[in-house]
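Colleague: One letter stands for each residue in the lines below.
Number of protein chains: 2
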Amino acid sequence: MSARLVVLRLGHRRRRDERISTHVGLVARAFGANAIIYSGEEDKNVLTSVKKVVLNWGGPFDVIYVRNWKNMISDWKKEGGIVIHLTMYGINLPDIINDVRCLFAQGKNFLIIVGAEKVPGIVYELADYNIAIGNQPHSEVAALAVFLDWLFEGRELVKNFKGAKIRVVPSQRGKKIIKNDKS
Amino acid sequence: MSARLVVLRLGHRRRRDERISTHVGLVARAFGANAIIYSGEEDKNVLTSVKKVVLNWGGPFDVIYVRNWKNMISDWKKEGGIVIHLTMYGINLPDIINDVRCLFAQGKNFLIIVGAEKVPGIVYELADYNIAIGNQPHSEVAALAVFLDWLFEGRELVKNFKGAKIRVVPSQRGKKIIKNDKS
Chain A
1 MSARLVVLRL
11 GHRRRRDERI
21 STHVGLVARA
31 FGANAIIYSG
41 EEDKNVLTSV
51 KKVVLNWGGP
61 FDVIYVRNWK
71 NMISDWKKEG
81 GIVIHLTMYG
91 INLPDIINDV
101 RCLFAQGKNF
111 LIIVGAEKVP
121 GIVYELADYN
131 IAIGNQPHSE
141 VAALAVFLDW
151 LFEGRELVKN
161 FKGAKIRVVP
171 SQRGKKIIKN
181 DKS
Chain B
1 MSARLVVLRL
11 GHRRRRDERI
21 STHVGLVARA
31 FGANAIIYSG
41 EEDKNVLTSV
51 KKVVLNWGGP
61 FDVIYVRNWK
71 NMISDWKKEG
81 GIVIHLTMYG
91 INLPDIINDV
101 RCLFAQGKNF
111 LIIVGAEKVP
121 GIVYELADYN
131 IAIGNQPHSE
141 VAALAVFLDW
151 LFEGRELVKN
161 FKGAKIRVVP
171 SQRGKKIIKN
181 DKS
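Chains as they are written, first to last, in my numbering: chain A, 1 to 183; chain B, 1 to 183.
Quick caveat, the hints were computed from the structure, so don't treat them as lab data. Incorrect hints may appear among the rest.
[Stated by the list, open to error] Cβ pair distances, simulated, as ranges:
1) A:G154 to B:S74: 29 to 35 angstroms
2) B:D181 to A:K179: 57 to 63 angstroms
3) B:Q106 to A:E79: 48 to 54 angstroms
4) B:F161 to A:K44: 37 to 43 angstroms
5) B:R14 to A:V169: 31 to 37 angstroms
[Claimed, not checked] Straight-line Cα separation of at most 25 angstroms, PhoX-like style, residue types lysine-lysine; simulated pairs:
6) B:K175 to A:K70
7) B:K118 to A:K175
8) B:K159 to B:K175
Here a beta-carbon is modelled for each residue, glycine too, at the ideal position from N, C-alpha and C.
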């Protein structure tokens, strides 16, 4: 995974979106992204929750808030990066995944946008690709996870995180963890 | 998809889990399950939200509440069904997916359990399989989606729903839908 992959969560609303936005951040980290960027209402609770997981379970993974997401997207494109917006109205994943994998393999940086309830129309225009994870209503958390899982073809599920204080020992029953306080 | 696949959402808490539990229900439907069963606190808002999506976007898909989930799991097992609990502490998906696909292909009915914050220890014992979608903390919404996507090998993303009043026409820009009020 040499190219950089960053997730942009648009339109966060305090309280209402707190848990969903936290799940978006945790999924971004667990499924191989390099960073999550939140926009919308600034929310220390969400940033803190995701940062705490990075501290305990390892990284590297950046957690950032930006106010001006339009500038952020423009800059990304000016620097040659690809912008992908996940939306149920887009081209269905199986019909576009090969193009997307190809671009990433060629070293293009990816900005993956997931919105909250209402995504401004301009996002559909700014995106290089509007991609649906099935054209049914479900969840931005699920859409992000499945998109990254297809992009990385399952390799992200066995990714090793650096500096982890806690690791799971996979087991058929119960909860086994290893704690490493030295890291 | 001849065998029956049902998702059981354990430990729902009103308000706090409302949106996450709704996303779990919508993911269950969109990713090919036959039904979602909620347990924990009874919550009409969640049931109504998911049922409304079935009404507009098609089915068949059942939305049910059960109080006694232990009995439900016992009955499932007595009738020869397989119980799979998704948990970050379990066997990692890539190491178990072939066994699971094989059982489903043989016609075994699947009950897929996803918990809220704390899952009672007995669930780890009752489950035939405790499976992790990567051994990292993330989201039950993501775990369910990726599990079903691996089980159905992407076929669920092009599933046709019956009786849909609304369908998306996949497109590179904007939102195109077809409304069918006769169904």
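Colleague: For every hint, state whether the structure bears it out.
Modeller: For each hint, the structure was consulted:
Checking the proposed 29 to 35 angstroms range against A:G154 and B:S74 shows it holds: the Cβ atoms sit about 34 angstroms from each other. A hinted range of 57 to 63 angstroms for the beta carbons of B:D181 and A:K179 is consistent with their spacing of about 59 angstroms. Roughly 51 angstroms separates the CB atoms of B:Q106 and A:E79, a value that falls within the hinted 48 to 54 angstroms. Restraint check, B:F161 to A:K44: a C-beta distance of roughly 40 angstroms satisfies the suggested window 37 to 43 angstroms.
As the Cβ distance of B:R14 to A:V169 is approximately 35 angstroms, the hint placing it in 31 to 37 angstroms holds. This hinted pair checks out: B:K175 and A:K70 have alpha carbons roughly 20 angstroms apart, not beyond 25 angstroms. A C-alpha spacing of about 12 angstroms is found between B:K118 and A:K175, which places the hinted pair at or below 25 angstroms, so the restraint holds. Restraint check for B:K159 and B:K175: the C-alpha separation of about 20 angstroms stays at or below 25 angstroms, so the hint holds.
Every hint from the earlier list agrees with this structure, and none is contradicted.
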